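Undergrad: Heads up: the sequence shown begins at 1 in the working numbering, then just goes up one per residue.
Because the hints were derived from the structure by calculation, they are not lab data. The structure presented is a predicted model; accordingly, all values stated were derived computationally and were not measured. Warning: the hint list may mix true and false statements.
As a list, the in silico BS3-like pairs of lysine-lysine whose alpha-carbon atoms are at most 30 angstroms apart [unchecked claim]:
#, residue 1, residue 2
1, K252, K293
2, K79, K62
3, K62, K252
4, K57, K293
5, K252, K382
6, K252, K289
7, K227, K252
8, K79, K53
9, K230, K325
10, K227, K382
11, K227, K253
12, K57, K253
13, K253, K53
14, K325, K382
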Amino acid sequence: CTVQNDLSISNLHSMPQKGASKKSDRQCLICCADTRVAHLGIDVCRSCSVFYKRAEKGHSFKCRASTQRCAVGEGLNCKRCRFDHIDRLLRRTDIPSSSHFSGHDETSTRTPPEAPIASCSGSKATMPSSVDPSASSSANTVDVNIARTDLPLLNRLKTHYRLMCEARLMGELSARSTPPHPLEMNERDFIPIPATLSACNHANRIFLSALLHFGANAFPEFDQLSKEEKWTIITHFFSRFRLFEPGYRADKKFHEHLDRAFAGYTMYLDPEIARTFYTDPVANRSMLKYFEKDLRQNREQLRRLNMHHEEFLATMTLMFWDVGKLALNPDIMRTGDGYREIALSELQRFYRHSLHLDEYAPRMGELFTFSDICEELANEMKHNFELLRLLNEFTDETV
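Let the sequences and hints guide you as you build the complete structure.
TA: Printed below as a string of structure tokens:
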């Protein structure tokens, strides 16, 4: 069903002015030192950031207490646990770059940290508000309320993106020759399997159908368009989003495998699978070339970006309504421009009020650059698909 639209295109949010807020001191999530800059994409100080980068190059440490559960805080002097705490934060999907704001829904499941986290104001081990919003301080409450009231579009997209993911997950798992138990049909428990060409085609059909429902529910104006207009927008969006979203998800699911890519919601490809994915050796060489030339580089770039979910949703909106080059009604162009402006406005408010960043222009530039890379790869993919049709690997029914 279509969600009631509380956001009118005719009532655009004004863009926040640069310099209107001031940087504030925050405390490092590891050693509790004051810091004004979020290093490594999370609230850790420069000292912890430098330590982690050096240790990541191959240093091996032993836990001083032989428990690997030393608590963070001012008294942390165990290099092994210091490294593990930072590494764990970087891998979590619900730890934002600011210790004052959780980038995921409050109702989403959170995995408690494996070791107690000491409060910076005392020696008692407590959960910081950045990890568990239920244990919120007044600062945390303010920032969560900001997210609720001042980010209506991004919050709405968060809900409908999650519903779209659930539809894709259940559709693909149910279509397996041996479907998993219903209790395992969830994001946490499903096991990705190697992709096949026929399974990918089926998954893409589910993806396109889910995108149509997402568009209708997230953007009420989209639901009023003709079938032809909807299909034009969705297929254009799909060609780039299918490259952007799998990389965003892969860094969470396949953190240790930079040469692995999602080829659907629940399937993956890697160089070994790519060697025999098609029946034609020329097609397989083309696939391997992509893995060698583009995939790892893009995975590494997304990892460096360490994107917040709000950034992902804003970029998703910009891609969805990037319709300027399509043969569409001018009213649709204006609708798209309106949503893009709202997404940028809310993203800037997220930076300023939730992450407490003043100098966010370089960060936005990085997001735009990666979006442009997806555009270039989408154009390359179109040429590759034509080659696959000439090789009879693709038919008119292939999505």
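Undergrad: Please go over all the hints and tell whether each is borne out by the structure.
TA: Here's how the hints hold up against the structure:
Under the criterion of a C-alpha separation no larger than 30 angstroms, the hint pairing K252 with K293 is consistent with the structure, at around 22 angstroms. Simply put, K79 and K62 have alpha-carbon atoms about 8 angstroms apart, close enough for the 30 angstroms limit, and the pair holds. The hinted pair formed by K62 and K252 meets the criterion: a straight-line CA distance of about 26 angstroms does not exceed 30 angstroms. Using a Cα cut-off of 30 angstroms, the hinted pair K57 and K293 holds, with the two alpha carbons roughly 24 angstroms apart.
A C-alpha spacing of about 27 angstroms is found between K252 and K382, which places the hinted pair at or below 30 angstroms, so the restraint holds. For the given pair, K252 sits about 24 angstroms from K289 by alpha-carbon distance, which is consistent with the 30 angstroms threshold. The straight-line distance between the Cα atoms of K227 and K252 is roughly 35 angstroms, outside the 30 angstroms bound, and the hint therefore fails. Between K79 and K53 the CA atoms are separated by roughly 13 angstroms; this keeps the pair inside 30 angstroms, and the hint holds.
Proposed proximity of K230 and K325 is supported: the alpha carbons are some 15 angstroms apart, at most 30 angstroms. A hinted pair counts as satisfied when its Cα atoms are at most 30 angstroms apart, and K227 with K382 qualifies at roughly 23 angstroms. Taking the CA atoms of K227 and K253, the gap is near 35 angstroms; set against the 30 angstroms cutoff, the hint is violated. Taking the CA atoms of K57 and K253, the gap is near 22 angstroms; set against the 30 angstroms cutoff, the hint holds.
Annotation: proposed proximity of K253 to K53 holds, straight-line Cα distance about 22 angstroms (limit 30 angstroms). Among the hinted pairs, K325 with K382 is consistent with the structure: their alpha-carbon atoms are about 16 angstroms apart, no more than 30 angstroms.
Taken one by one, the earlier hints fail for this structure at numbers 7 and 11, listed in ascending order.
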